[in-house]
Amino acid sequence: MADPRTHRLRLWTSALVVGAVVLAVLLVPPLVQLDEQAVDLSQKLLPPSWEHPFGTDDVGRDLLLRCVYGLRISLLVGLVAALVATVLGTAVGAAAGALGGWTDRTLMRLVDAFSSVPHLLLGIFVVALFRPGVWPVIASVAVTHWLSTARIVRSEVLSLRTRPHIEAAISGGASRRRVATRHLLPAVLPQAGLAAVLMVPHAMWHESALSFLGLGLPSHQASLGNLVQSARSSLLSGAWWPTLFPGLFLILPTLAIAGLAGTWRDRLNPRRRSELML
Amino acid sequence: MSRRLPWGAMARMTGRRALAAVPVLLGVTLAVFAVAEASPFDPVKAYAGTAGLTASQDNLDQLRHNLGVDQPLLTRWWEWLTAAVTGDLGDSAVMRRPVADVITERLGWSVLLAATAFLVAIALGTLLGVLAGRRRGGLLDRTVSALAYTLEAAPAFWLGLLAIWFFALRLGVLPAGGLTDTASDTVTPDQVARHLVLPALVLGVSQLPWFFLYVRQGVGDALDEDPVRGARARGLAERTVLTGHALRAGMLPMLTLIGSRVPELITGALLVETVFSWPGIAAATVQAATAVDFPLLAALTVLATAAVLLGNLLSDLLYGLADPRVGFDG
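Chains as they are written, first to last, in UniProt numbering: chain W, 1 to 278; chain L, 1 to 330.
Certain hints may be false.
Facing chain W, according to a computed beta carbon distance under 8 Å, are these residues of chain L, among others [as the list claims (entries may be wrong)]:
| id | residue |
| --- | --- |
| 1 | G27 |
| 2 | L30 |
| 3 | V35 |
| 4 | A36 |
| 5 | S39 |
| 6 | T150 |
| 7 | A153 |
| 8 | L161 |
| 9 | L162 |
| 10 | W165 |
| 11 | P263 |
| 12 | V292 |
It should be emphasised that the hints constitute simulated quantities derived from the structure, not laboratory data. Glycine included, each C-beta is placed from N, C-alpha and C at the ideal position.
Bound-form chain W, shown alone (with noise of 0.2 Å):
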């Protein structure tokens, strides 16, 4: 793989964006006295500036501000969807490994079955009859995102069962709960975790393609989905900034987060030689 110089760089550009990423949604709304929904029709569209670093939108928004908004939303929403996902995979998992034999065969073929359906239309067949609101949106990301995990975690779960250590803790007299909780559990953590930091950025682009066919959040908990939505009857009128900088708002963090997480997953796999591996 690359040098270790171009490792620490990637490392710590990585670090420092998703730091600076999470101050600013935790930091900017507090101690920031701005209005981001004041509406002011005479400073509308205009592109940008030193006084609106990104511009603003059509009814006059500072965009820099709107994007920061809308980030802490889709971020806010992007963390609590992996999260339950990230359960509900490992829960499925862990099942299925620890039990194994026809609950682990009928547990697979949910999974198989769940991975027919494309994502984004599952997660649309979701929003569209349960909307509107955030919680459609984590339901529709959550159920299509734990898949993987739950692949994950049983193949971690199968493997782990042979080890030494179980089979000792097994002869020994430790409970199925015992054995779950105290050997397999813990060390499927560090894999089920790094799943769930990959699968933030997934969720995020999840409810921002779904905010923007909308069918996401409600327009006035505008995350950049809606951000991008909005700017549409703009971007016909030539301005093309408040397109641009939600989407730019988005991909960063996403680089960030995969940036962390390949450093995270390269001391968890150490063999791991592609890129297209997990």
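We have chain W already, so just place chain L on it with the hints.
Just chain L now, with coordinates in the frame of chain W:
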């Protein structure tokens, strides 16, 4: 490559997969009905619209009966299923036509868009993958790889909007959306071709990272292996080594795995068709979802699932052909 194709084994695998697909598809249709049942959405109120606010309870009950939604879940599912087998998928409320007509009319446009996008992704992915894989870690490789990861993170709808801004509004060289010019009432090939360029390019580019990374990996690995070393030792030209040995090794897995990219393609098409108002089935899916048009949405969800299963089968068949060690047992 003049060995006989193992038709028998391939047919048996196709048959097994078709049998395995039946329960999956049945499960998906049942799940679709169950989710609709569990949702707060009421088809009667949706059907009645504002008239439903003033209608009497008797009228609403009558309507409920007429629509058949007073039946239990399993009965409705079974009726839908038996009708669907004969080709009757119900009526779409948002398109005001039979669902089957909507699908047959729009499927072709979606296939055209998807196929063109795949060709774009394969051509660009192979070209860039070979150039980058030839010298991994070089300037070109690092630049293109970084771009690929960025592209992977970029939402397709965002790329589409920026493409519209640049090519349609700024340069004014390509139409911003639709299938034909707004003034035109006939569909001519040259108009379709011009309207196809932007959506196909955006959909293709959004699929590009996977193709690129695959070819890059394959070519890079193949260049380190014995056949290539042998070819170089025999003094073959670099070009022959690259196109004859490394490219074949790098492209084959990518081509065989195309079928497994169907889910990503559908996801991309949902966004790209909507952005470009392309009259395909993916755009219809979004419209059906926005209007909670259950018959259309249910049919399209099942159709997409079938497409994914078909893609998986195709890719497994091709993989078995390309690598006889894999075989057709799956």
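Report task. Would you pick out the hints that fail for this structure and give their numbers low to high? Result -> 2
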